[in-house]
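> Here the protein sequences come in this chain order: A, B, C and D.
So the first sequence is residues 4 to 602, counted in our numbering.
So the second sequence is residues 37 to 435, counted in our numbering.
So the third sequence is residues 4 to 216, counted in our numbering.
So the fourth sequence is residues 2 to 187, counted in our numbering.
These are computed hints drawn from the structure, not numbers from a lab.
Where hints are given, some of them may not hold.
Label pairs and their computed distance ranges (CB to CB) [said to hold, decoys possible]:
| id | chain 1 | residue 1 | chain 2 | residue 2 | range |
| --- | --- | --- | --- | --- | --- |
| 1 | A | E58 | D | K44 | 48 to 56 Å |
| 2 | D | E166 | A | S551 | 26 to 34 Å |
| 3 | B | G153 | D | E36 | 46 to 54 Å |
| 4 | A | D213 | D | L146 | 24 to 32 Å |
Pulled from the structure, derived: some chain A residues nowhere near chain B, Cβ distances all over 12 Å [to be verified]:
| id | residue |
| --- | --- |
| 5 | A95 |
| 6 | N344 |
| 7 | S348 |
| 8 | Q518 |
All residues carry an ideal CB built from backbone N, CA and C; glycine is no exception.
Here's the letter readout for the chains.
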Amino acid sequence: MKLKDVLSPLRVWERAAKKPMTIKDPINDRPGATNYRGFHKNDFSKCIGCGTCEEICQNAAIDLVPVEGQETVEGDSGLRPMIDYGRCCWCALCVDVCPTGALTMSNDYTWIADNPEDYRFVPGADKTKWQESEKGYTRSPDIQIIDYDRVDMQELEPEERDKSFIEIVKGYNKEQAIKEAERCLECGLCIATCPAHMDIPGYIAAIRDDDIDNALRILYETNPMPEICGRICTHKCETACALHNNGDPLAIRWLKRYIVDQVPADKYSEILGTDHLEDEVLNRKVAIIGAGPAGLSAAYYLAIMGYKTKVYEALPGPGGMARYGIPEYRLPYDQIDKDINYIRSLGVEIQFNTRVGTDITLEELHSSYDAVFAGTGLHLGRSTRVPGADNKRVYFATDLLREVTLGNEIDVAKNIVVIGGGNVAMDITRTLARLQNQKYGKVQILTTCLETEDIMPADVEEIVEAREEKAVIDPGWGPKEIEIRDGKVYGLHVVKCLSVFDENGRFSPKFDEDQKKFFKADMVVESIGQGMDLSYLSEGIKSDLKFSPRGRIEVDDSFQSSLQWLFVGGDIIQGPDVIHGIANGYIAAKGIDTYLNAE
Amino acid sequence: MSNLSKSKYRGFEADRSKYPVEEEGKPVIDLESHKFTKIWQGPQHPGVTGNMAVELIINGDEIVDAKAHMGYLHRSFEKLMERRRYIQCFPIVCRICVPEPDTNEYCVSAAMEDLAGITVPEKAMWLRTLNLEMSRVGSFLMWIGGQAGSLGMGAISQWTVGMRDYWLDLFEEMTGGRVYHMYMIPGGVRKNLPDGFKDRARRLIVKTRRLMQDIDNTFLSNAIIKSRLQGLGVISPEMVDEYGIVGPNARASGREYDIRMNNPYVCYDNLDIKMITATEGDAYARAQVRYRELNQSLDLVAQILDRIPEEGAIQAEMPNLLHWKIPQGQTYVKAESTRGEHGFYMVSDGSEKPRRVFARGASYTHAISVLEKLAVNVSVSDLAGLMVSLHTCPPEIER
Amino acid sequence: MNKKHIDDIEKQMKLANEGLPECERCLFSDDRPSSVEAFNKYYEGFLNWARSRSLWMLAFGTGCGATELRPLMTSRFDMARFGIFPRPTPRQASVFVVGGYASIKTIKRIIRSYEQMQGPKYVIALGSCTINGGMYYDSYNTINRLDYYIPVDVYIAGCMPRPEALIAGFNRLKEKIRAGECEGMNEYTEKFDWYKENQKQIIKDWNMPDYNW
Amino acid sequence: MEQLIRKIKGMVHLKAYRKQRDDLYFITVEKAQLEMILSHLKKNEGFTHLAFLQAVDFIEDSRFQLTYMLYNYETGVNLGVLVLIDRDKPEMNSIHKLWAHGWQYQRELHELYGIDFPGSPRVHESFVLEGWEEMPPMRRDFDTLEYSERTFFQRPGRSTNDPKEYMKEKMYKNYAASPRIRRDDE
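One chain only, chain A, in its complex shape:
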């Protein structure tokens, strides 16, 4: 033992004179750090009740509960997370995973209670002293727990596609599809938004597990036209996608397309278990007017329920608007045929070139069939009714698109103006651009519409692609007059459109007459909406049917009209889009089944 060792501890006596480390009032002097993972906060204006927090919580601490004042609407389940502080471990994975950024944490950390039942609360709904706290943990923008970036879809380059009608979108391959499917949070918010209420998380999970057969089965539960939907569906589901709040929504449409593209047509009946359907045919017959999505959807479900169905179609091909209203580069005809041939293989008979009302009357159908479903669609164009709109070089988009599909020659002008801002307007713009390219080798087409670009109803990608194909899009103008010189179209006068809708959301455009513009053109195409053609209804039937004030046929929940044997669905009731048509057909088929069995 050295003396030094005995003395050296004495050297720290100087510490006695130092300021102690002790904190005087720890509870109040030490708030949690700015970044501290304290108690939870929830911003109800952002929360959509998707339940991803519940899904990731490894302690099963989170329940989703209904909260007063939170309505269930499309894209918001109305449920809110309730957190059990008898489970929570403050790992903040729920905060990091929250796709909307609603769930955060405060820097508060003291909660004392005598009763253990108290430790359960709904952040945001229950009054807590930390709900308004500004500090606390939030998700760092530099990290991702869920994948906000969509797998890019391969498309043809503008140079490759602007002359031909080859399909633009190439579709996912297996690797890409699985990667995209893995992004799904499985919250299921999209199901309520989809008009057909398809089990979207179900088939996406099947893709993830690489079980295409099961995925196809899930698709056909409510949608017999997945090839069509997988290409041209308006994909409202993607706007409801939880990922949409902070990044790219899941490519639900492309994934659906991936499923059906994987299955060869001859495997369908085996996978779906419809190869022995003929044995069970009932002795009841249903007539369907119109081989469009609504009619064929009804026909499909009636057929698998065992009814004999026959479809009457005025045009020479099946598909309705899907074939005659949508250009081939978006929806190739062989894909339409793939869906429809499968439906026909179930015993659905389609009689083409037969217009009900002229070739056969509705009364005749009524007398020879037990029920009739009419899905006749919107095939008439609507006019702007501006001066000069009655010129023969002013066309309706629907007519032109039909002519293109029928293979008829169109007299494409060198300089064209399209009026309209919806997807149909983009379709006709891009179709005519291709025809111009084929005929003249250059594109000179301009599209204008009332809406400014941010509220244009067309899909953003459609607008972008149209521009890539060298079409000019100049939105925000109201058509004033089509100038006619010597009986020929000379151009379109437009004025600035200030607003399209009034305060109540009704269509009532306001113009600034001083801001004018003139688009020179020798051909004008109007694409501002479509009208229905109800000429097949005879006067007797019309007088028996009930119509809504806006001229639509009134139907009940199962699309049964006031004439019990007549069911009506599709674009003439809801929409217009393909998925509403399919959903209507499906519900109507079940309605017909109920109606016929109730007799």
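Using the hints provided, position chains B, C and D relative to the given structure of chain A.
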């Protein structure tokens, strides 16, 4: 070298005639003879490290047989992880070792990354290194307090645990958590450094160095401490392999094994770091090794602070971690905690959940096999000091 | 002492120390616990005030929560100035801080330590694990609700609660003691059979006496 | 390392070999040859450190995989020696004579997996559990959540809603699934 040869037990020879020796060197103890007393040290006892127990058979003051009892903290993390998704595993593993949770986080994240073939961005690597090294500082500080406290020197734990609290403040700023940081998410880390963090950390290093001087004066150079620790619990170099001893315990016996140098992980190969060893192998040598390592850790933290890149990603490109599937395979990832080799063995069967995760706690053998061997012939009053000097951590043993 | 009385005692003894070897029976009490009534309202009020001022805590680190007790004990938070002081043995302690999760092996020791503490005694439960199982809710070796095994006076939320939250918890305990609401010990004696039943349901090898005092 | 693997191949029947990283290799050997190869690796090849011995339950194949993780201080290489044993009657030779802490792992494995190591000291003593009456808990077929719910009291009063079902109930209650087509799992 026998336990007794060099120790303060000089002059004291156990009377072996009282208990005939069996062939394997273990005494035959007949409790009925009333020559021996059986006592329990723990689990409710101030002289055990954490929640564990040692069943002692003593003759007078001398321990003649010891049996360690574990399982008071068994929560079965491994079973729980088998029913959790990969991403859900990372928040629970830090609970495996309370004073130094980050090593667990690092190992489990790194094991997943190794199996899934993910490369972590450089900045995230540096932040992980910083986090790991800071947690070593915290754990060492707590250990010094424990070692001094176990010898009845309460003042030092007042200083070091208080100092550790300042380090926890830094953790709180950096990660959002005080004790459990849950910082190293698979693929990277969760947060960037807050503003002004580096300056505060540098100031704290200076402050800690000053404290280290005091600790040297009062603890390592203290005649009482020296006389109590020297010769206590001697681990011979042969024992190191035999008993799988790792970390400072092995290094104090001359074994040059420090994973930061032998198998460099994160950014340790870019740092100026030296192997610290001693030869005596007793509790005092272990204390010295730990003291020097703590100094070196402070030095490393300073180095890391200088070298963290300002810019860069903190997380690799990751898939949706909710449905993260890791390809089939198995791996073993290890890191140097303050107690030695801390490793995770992970087996994946290609599904969303791990097939098997095993956490090799660094003190797995220290607290049982080694303690049971070293405790024999030690005085009861020194057992607490011996246990702390092995730096055992029960929760990482039984998990 | 009449015969009936002796019979009663024998009956109770059997219940109490069933399973113990004969030589160890004498080491344990054979009396059922009984409730303690307040002697006088004002005197009890004074006692409660005094009790709240000196809380001696049992230094039994049962789980993670014990880690935050160390900063609390040492200079930075210095709980001694609030009248709280760690004691190494249950006989001297009045507050039991259950630090989070309790495994089966530990809950057995918690029960024994709790029963050995002198009354009046109080229990503070830390963290999620004692409330509803916490992150080990699905573990086969940890209990989910502490209040089924011993009476708990104050719960502190957190995983684990910080030292400041612990101080706030102790403050709440003091308030409760002063208000005379901390009757955990009497509750335990009144519902003794219910507690024992719960305890024996999870502790499969009940090789300890029923009465641990 | 390649050289060592070739050497081992010459000595024993090597069922599988895998390189995970530059410093981590796995070899699978026959059960009967395990002790021999371990003692060779320890005595002659410098793999003196046994990092751990653990088991993996491959219930589908009715096998336990035992992993002996060795480490060589000189080369800095971890070598995992794997051996598959029968799950129904699991038994393995003890290695406590090679490494003095081997018994500790073997005792743990006996408790948590029910693998017997005849001759290993204190192997039948309980390690972390006390009074355990069920099957060894780390086996895959032991359901820990079910056991916890059965044994420990859960705090009642919790209920949750699936957003999918809840929205259906609120928004399109009558929209039933297709009548004829059924999914696999139904």
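> Tell me the hint numbers this structure goes against, listed in increasing order.
3, 5
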